[in-house]
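*Asks:* Mind docking chain G on chain H? Use the hints.
Now for the letters of each chain:
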Amino acid sequence: MRHTSQTLFDKLWSSHEIARREDGAALLFVDRHFVHEGSFHGFSQIKARGRKVAEPNLTFGVADHYVPTHDRDKAIANPEIAEMVRKLEQNTIDNGVTLFGLRDRRQGIVHVVGPEQGLTLPGLLIVCGDSHTSTHGAFGTYAFGIGASEVAHVLMTQTLWQKKPKRMRITVDGQTGAGIAAKDIALAIIAHIHADGAQGHAIEYAGSAIRALSMEGRLTLCNLSIEAGGRCGMVAPDATTFAYIKGRPYAPQGELFERAVEDWSRLPSDADAEFDREVSLDAGAIAPVVTWGTTPDDALPIDASAPDPARETDEARASYIRDALDYMAIRPGMKLTDVAIDRVFIGSCTNARIEDLRAAAAVLAGRRSKVPGLVSPGSSLVKSQAEQEGLDRIFRDAGLEWAESGCSMCVGINGDLVPEGERCASTTNRNFKGRQGRGARTHLMSPAMVAAAAVSGHLADVRPMLAGRKV
Amino acid sequence: MDNFTRLTATACPLPQPNINTDAILPARFLKWPRDKGLGSVLFNDIRRDADGNELADFPLNKPAWRNAQILIAGRNFGGGSSREAAVYAVYDYGIRCVIAPSFGDIFAQNSVKNGLLTAAVSDAEAAELAAAVAADPSRAVTVDLDEQTITCGNRTYSFAIDPVSKNQLLNGWDDVDLTESFRQKIEDYREADRQSRPWAAIGR
Numbered sequence: 000m001r002h003t004s005q006t007l008f009d010k011l012w013s014s015h016e017i018a019r020r021e022d023g024a025a026l027l028f029v030d031r032h033f034v035h036e037g038s039f040h041g042f043s044q045i046k047a048r049g050r051k052v053a054e055p056n057l058t059f060g061v062a063d064h065y066v067p068t069h070d071r072d073k074a075i076a077n078p079e080i081a082e083m084v085r086k087l088e089q090n091t092i093d094n095g096v097t098l099f100g101l102r103d104r105r106q107g108i109v110h111v112v113g114p115e116q117g118l119t120l121p122g123l124l125i126v127c128g129d130s131h132t133s134t135h136g137a138f139g140t141y142a143f144g145i146g147a148s149e150v151a152h153v154l155m156t157q158t159l160w161q162k163k164p165k166r167m168r169i170t171v172d173g174q175t176g177a178g179i180a181a182k183d184i185a186l187a188i189i190a191h192i193h194a195d196g197a198q199g200h201a202i203e204y205a206g207s208a209i210r211a212l213s214m215e216g217r218l219t220l221c222n223l224s225i226e227a228g229g230r231c232g233m234v235a236p237d238a239t240t241f242a243y244i245k246g247r248p249y250a251p252q253g254e255l256f257e258r259a260v261e262d263w264s265r266l267p268s269d270a271d272a273e274f275d276r277e278v279s280l281d282a283g284a285i286a287p288v289v290t291w292g293t294t295p296d297d298a299l300p301i302d303a304s305a306p307d308p309a310r311e312t313d314e315a316r317a318s319y320i321r322d323a324l325d326y327m328a329i330r331p332g333m334k335l336t337d338v339a340i341d342r343v344f345i346g347s348c349t350n351a352r353i354e355d356l357r358a359a360a361a362v363l364a365g366r367r368s369k370v371p372g373l374v375s376p377g378s379s380l381v382k383s384q385a386e387q388e389g390l391d392r393i394f395r396d397a398g399l400e401w402a403e404s405g406c407s408m409c410v411g412i413n414g415d416l417v418p419e420g421e422r423c424a425s426t427t428n429r430n431f432k433g434r435q436g437r438g439a440r441t442h443l444m445s446p447a448m449v450a451a452a453a454v455s456g457h458l459a460d461v462r463p464m465l466a467g468r469k470v
Numbered sequence: 000m001d002n003f004t005r006l007t008a009t010a011c012p013l014p015q016p017n018i019n020t021d022a023i024l025p026a027r028f029l030k031w032p033r034d035k036g037l038g039s040v041l042f043n044d045i046r047r048d049a050d051g052n053e054l055a056d057f058p059l060n061k062p063a064w065r066n067a068q069i070l071i072a073g074r075n076f077g078g079g080s081s082r083e084a085a086v087y088a089v090y091d092y093g094i095r096c097v098i099a100p101s102f103g104d105i106f107a108q109n110s111v112k113n114g115l116l117t118a119a120v121s122d123a124e125a126a127e128l129a130a131a132v133a134a135d136p137s138r139a140v141t142v143d144l145d146e147q148t149i150t151c152g153n154r155t156y157s158f159a160i161d162p163v164s165k166n167q168l169l170n171g172w173d174d175v176d177l178t179e180s181f182r183q184k185i186e187d188y189r190e191a192d193r194q195s196r197p198w199a200a201i202g203r
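Read top to bottom, the protein sequences are chains H and G. First residue of the first sequence: 0, per numbering that gives the first Met the number 0; consecutive thereafter. First residue of the second sequence: 0, per numbering that gives the first Met the number 0; consecutive thereafter.
Take the hints with a grain of salt, since some may be wrong.
Stated by the list, open to error - Here are some chain G residues pointing at chain H (derived, C-beta under 8 Å):
1. Pro16
2. Ala22
3. Pro25
4. Leu29
5. Lys30
6. Ala49
7. Ser80
8. Ile105
9. Asn109
10. Lys184
11. Pro197
Unchecked claim - 30 Å max Cα-Cα, derived DSS-like pairs, lysine-lysine:
12. G/Lys35 with G/Lys165
13. H/Lys86 with G/Lys35
14. G/Lys184 with G/Lys165
15. H/Lys162 with G/Lys165
16. H/Lys86 with G/Lys30
17. H/Lys51 with G/Lys184
18. H/Lys245 with H/Lys10
19. G/Lys30 with H/Lys46
20. H/Lys163 with G/Lys165
21. G/Lys165 with H/Lys10
22. H/Lys165 with G/Lys184
23. H/Lys46 with G/Lys35
24. H/Lys334 with H/Lys369
25. H/Lys162 with G/Lys184
26. G/Lys184 with H/Lys46
27. G/Lys184 with H/Lys163
28. H/Lys86 with H/Lys51
29. H/Lys469 with H/Lys369
30. H/Lys86 with H/Lys46
31. G/Lys30 with H/Lys51
32. G/Lys61 with G/Lys35
33. H/Lys46 with G/Lys165
34. H/Lys73 with H/Lys86
35. H/Lys10 with H/Lys163
What the hints assert, rightly or not - Using C-beta positions, here's what the derived DEER-type ranges look like:
36. G/Arg193 with H/Lys51: 19 to 27 Å
37. H/Ala177 with G/Leu177: 53 to 61 Å
38. H/Thr239 with G/Pro197: 19 to 27 Å
39. G/Arg193 with H/Thr239: 25 to 33 Å
These are calculated hints, taken from the structure and not from any lab test. Positions of the beta carbon are idealized from the N, C-alpha and C atoms, including for glycine.
Just chain H, same shape as in the assembly (with noise of 0.2 Å):
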């Protein structure tokens, strides 16, 4: 037989079809699927239909969309969240499924509990209805989000239709300056493709300064795949992978463990295998970005001035602009760094991971916060390492609080909102008009720059502040 060159997506494609139909539609197996309290429609379905959750052990709930981050201890004040919270408590327990609940130690944002659990692997295929599952990929993973129909069907029978995507590769080489992260890679990828560049596609991340991030940092990378329209993100699997995994509770152990890193150092793509398309970026090039508008592609180097429709040729480009730049309150040409903000959150499934929180802390150390601002950490877990490192202090002493882990700030539905009119800083993925809540102006970027932020008051270069410091 032909042997036939394979991108790392064909290898996860291929290792989980059950058969496919004729119009090239395949059933996938699903090796791990996890729910939070917004899955609560996928369960309704399968109840409606009389059915029971077919593969409890591979499902996992965890509780971090809706659940508060403060006041722990006592029952949660708003009846309708707290029912949120409670379905998804009796959800988990009708069907035997282990749930990571509000007051398990383990709790935490789904994207981060997974990898921190070592439920997510390596040649696996994860589904979650949540959009940021693409995070899971770091791993070298086929994991996507899907929506209520889709969880509901995963539910009953563990397997999932869907057409093959495209394969695309994103390849970015050379070295990334000093105080320049993984979220500036992503943004600037996400500036350069647009926020629909890679729609249809699974995306590969290659090149030396994908090779040179932690798994913190590729797992920021693959969550904001979503925002760059694509199905998923991958980076494949190596040693810095597998020493990730290692021995984390759920991770494969002994024997098994090396056999798993045996298969999984196969699965990087073939040195020849071809991608539908081909995207490069000169990590050398990407200086800090900042958001300014209201999708993620409106993204800037943060020594940049803001757009100015008059100069812009095509009218419905200029249209939009006018439109992005009246919600969020900058004048035409503004120069970035003159943006004041109103207050910072640092958080959510794209930056609360333990290097996010170092990285904010190494700038707010010795330094306040001109601003208000909330930091919730990626997992209850994560939470206690950074208390065992005194990073609760640092930001406690430049003014933030300093709270539970959860979806929090990014979402708004547990009540943390950015208040009407009020610009924030934020290490979240989305800029969408009221995203944050009703009216509520954001500002995507890296922790880093957001403690430059913070400590500036306005939108800052990170770079000058961190000298003499050890990041």
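*Replies:* Same frame as chain H, now just chain G:
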């Protein structure tokens, strides 16, 4: 699920790009159960002011388009969050087809599961269609899924949809019933998979 074959209806232009699922259905309405109906809060924060009053400029608020069953939208309609409730809101309002240059992948997939057609046309064609119905809201638009055509006045456009989604929409298939017929294949896969990927099992 309801199938989709052919529809002739009023079409409402909504040409801004990047109308994401947060705009289609703001997150605070995600707690609502499906049977409550989500049509009343479709596009809520761009359709109404903070006090709940309708914004006169928003196209769906204009008498001519209030009962539209087709939306003609801009690029990247339904990008962002995977919330299927965004599709419920569109469908519950009475919309059965969205025409746009591109769609968020998850939104498009969710639409198929609920009988909502997402028809992809070029940027220029979407702009032309939007301009035509803006100029004359009474002009009905016909969408034929089998033929993959959109007809407006004397102009006919082809639209793109992948064959998998087309198949499912035309037939109103129930995925779960179909999957059950593959039960033996699933068992065979699992048997072989236990040998080829023993580490994929839960490690404790």
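*Asks:* A separate judgement is required for each hint: does it hold in the structure or not?
*Replies:* Against the structure, the hints come out as follows:
Evaluation of the G/Pro16 hint against chain H yields a held restraint, the C-beta minimum of about 6 Å falling below 8 Å. The criterion of a C-beta within 8 Å of any C-beta in chain H is met by G/Ala22, whose closest approach is roughly 7 Å, and the hint holds. With 8 Å as the threshold, the beta carbon of G/Pro25 comes within range of chain H, its nearest partner Cβ sitting at about 6 Å, so the hint holds. Of the supplied interface hints, the one on G/Leu29 holds, with its beta-carbon coming within about 6 Å of a beta-carbon of chain H, less than 8 Å.
Below 8 Å, beta-carbon pairs count as interface contacts, and G/Lys30 has one with chain H at about 5 Å; its hint therefore holds. Of the supplied interface hints, the one on G/Ala49 holds, with its beta-carbon coming within about 6 Å of a beta-carbon of chain H, less than 8 Å. A cut of 8 Å between beta carbons decides the hint on G/Ser80: the least distance to chain H is about 5 Å, and the hint holds. The criterion of a C-beta within 8 Å of any C-beta in chain H is met by G/Ile105, whose closest approach is roughly 6 Å, and the hint holds.
At a threshold of 8 Å, the smallest CB-CB gap from G/Asn109 to chain H is about 4 Å, leaving the interface hint in force. At about 5 Å, the closest approach between the beta carbon of G/Lys184 and any beta carbon in chain H falls short of 8 Å, and the interface hint on this residue holds. Because the closest C-beta pair between G/Pro197 and chain H is about 6 Å apart, less than 8 Å, the hint holds. Restraint check for G/Lys35 and G/Lys165: the C-alpha separation of about 29 Å stays at or below 30 Å, so the hint holds.
In summary, the hint linking H/Lys86 to G/Lys35 is supported, as the alpha carbons are separated by about 17 Å, within the 30 Å threshold. Straight-line distance between C-alpha atoms of G/Lys184 and G/Lys165 comes to about 25 Å, which keeps the hinted pair within the 30 Å bound. Distance hint between H/Lys162 and G/Lys165 is fulfilled; the C-alpha atoms sit about 12 Å from each other, no more than 30 Å. Of the supplied pair hints, the one linking H/Lys86 and G/Lys30 holds, its CA atoms being roughly 11 Å apart against a limit of 30 Å.
Of the supplied pair hints, the one linking H/Lys51 and G/Lys184 holds, its CA atoms being roughly 21 Å apart against a limit of 30 Å. Between H/Lys245 and H/Lys10, the direct Cα distance comes to roughly 23 Å. Compliance with the 30 Å bound is thereby established for this hinted pair. Taking the CA atoms of G/Lys30 and H/Lys46, the gap is about 18 Å. The hint holds against a cut of 30 Å. Only pairs whose Cα atoms come within 30 Å are accepted, and H/Lys163 paired with G/Lys165 is accepted, the gap being roughly 15 Å.
Our distance criterion of 30 Å between C-alpha atoms is met by G/Lys165 and H/Lys10, whose separation comes to about 27 Å. Pair hint H/Lys165 plus G/Lys184 holds up; C-alpha atoms about 26 Å apart against a cutoff of 30 Å. The suggested pairing of H/Lys46 with G/Lys35 holds, with an alpha-carbon distance near 17 Å, which does not exceed 30 Å. For the hint linking H/Lys334 to H/Lys369, the alpha-carbon distance of about 20 Å falls within 30 Å, and the restraint holds.
Pair hint H/Lys162 plus G/Lys184 holds up; C-alpha atoms about 18 Å apart against a cutoff of 30 Å. With a C-alpha separation of about 25 Å, the suggested pairing of G/Lys184 with H/Lys46 holds against the 30 Å cut-off. This hinted pair checks out: G/Lys184 and H/Lys163 have alpha carbons roughly 19 Å apart, not beyond 30 Å. Among the hinted pairs, H/Lys86 with H/Lys51 is consistent with the structure: their alpha-carbon atoms are about 15 Å apart, no more than 30 Å.
Note on H/Lys469 and H/Lys369: the hinted pairing holds, with a Cα-Cα distance of about 23 Å set against a maximum of 30 Å. Between the alpha carbons of H/Lys86 and H/Lys46 the distance comes to roughly 13 Å, so the proposed pair stays at or under 30 Å and holds. About 22 Å separates the Cα atoms of G/Lys30 and H/Lys51, which keeps this hinted pair within 30 Å; it holds. Between the alpha carbons of G/Lys61 and G/Lys35 the distance comes to roughly 25 Å, so the proposed pair stays at or under 30 Å and holds.
At roughly 28 Å between alpha-carbon atoms, H/Lys46 and G/Lys165 fall within 30 Å of each other, so this suggested pair holds. For the suggested pair H/Lys73 and H/Lys86, the alpha carbons sit about 18 Å apart, so the restraint of at most 30 Å is met. Of the supplied pair hints, the one linking H/Lys10 and H/Lys163 holds, its CA atoms being roughly 12 Å apart against a limit of 30 Å. For G/Arg193 and H/Lys51, the Cβ-Cβ distance of about 23 Å falls inside the hinted range of 19 to 27 Å, so the restraint holds.
Range check, H/Ala177 to G/Leu177: Cβ separation about 54 Å, and the 53 to 61 Å hint holds. Checked against the hint of 19 to 27 Å, the pair H/Thr239 and G/Pro197 passes, with Cβ atoms roughly 24 Å apart. At roughly 29 Å, the beta-carbon separation of G/Arg193 and H/Thr239 lies within the given 25 to 33 Å, and the hint holds.
In summary, the structure agrees with every hint in the numbered list given earlier.
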